[in-house]
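When we follow the working numbering, the leftmost residue of the sequence shown carries the number 1409, and every step to the right adds one.
Hints were generated in silico from the structure; no laboratory data involved.
Accuracy of the hints is not assured; some may be wrong.
[As the list claims (entries may be wrong)] Pair by pair, the computed Cβ-Cβ distance ranges are:
no.	residue 1	residue 2	range
1	1481	1421	29 to 35 Å
2	1423	1482	32 to 38 Å
3	1477	1429	15 to 21 Å
4	1480	1431	31 to 37 Å
5	1432	1482	30 to 36 Å
6	1457	1435	15 to 21 Å
7	1422	1443	19 to 25 Å
8	1420	1479	16 to 22 Å
9	1426	1482	18 to 24 Å
Ideal placement from N, C-alpha and C gives every residue a C-beta, glycine not left out.
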Amino acid sequence: MSSSNSPAFITVENGNIIFGGGQYYVPLTSCETWEDIVGWSLQLSEKSWVDSGIISSFIILALSQNGFKRPSLR
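Using the sequences and the hints, build the whole thing.
Printed below as a string of structure tokens:
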């Protein structure tokens, strides 16, 4: 799977965050806390097809799907 930062690369369908048209998915039920999102981010970062843009997109999407505000730096 080649990496891409396009919006179509990461989508939400049927309660899952889906990467690459369905080749990899993360259930939204496993992203309900900040700790879950960090854990999945670390898991995803170990994949050869994941780059920093994909991680960033995943975090922003997981936060928004769970009603969390995007954190701001102080």
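A quick look at each hint next to the structure:
no., hint, verdict
1, 1481 <-> 1421: 29 to 35 Å, "holds (32 Å)"
2, 1423 <-> 1482: 32 to 38 Å, "holds (34 Å)"
3, 1477 <-> 1429: 15 to 21 Å, "violated (29 Å)"
4, 1480 <-> 1431: 31 to 37 Å, "holds (33 Å)"
5, 1432 <-> 1482: 30 to 36 Å, "holds (34 Å)"
6, 1457 <-> 1435: 15 to 21 Å, "holds (19 Å)"
7, 1422 <-> 1443: 19 to 25 Å, "holds (24 Å)"
8, 1420 <-> 1479: 16 to 22 Å, "holds (21 Å)"
9, 1426 <-> 1482: 18 to 24 Å, "violated (34 Å)"
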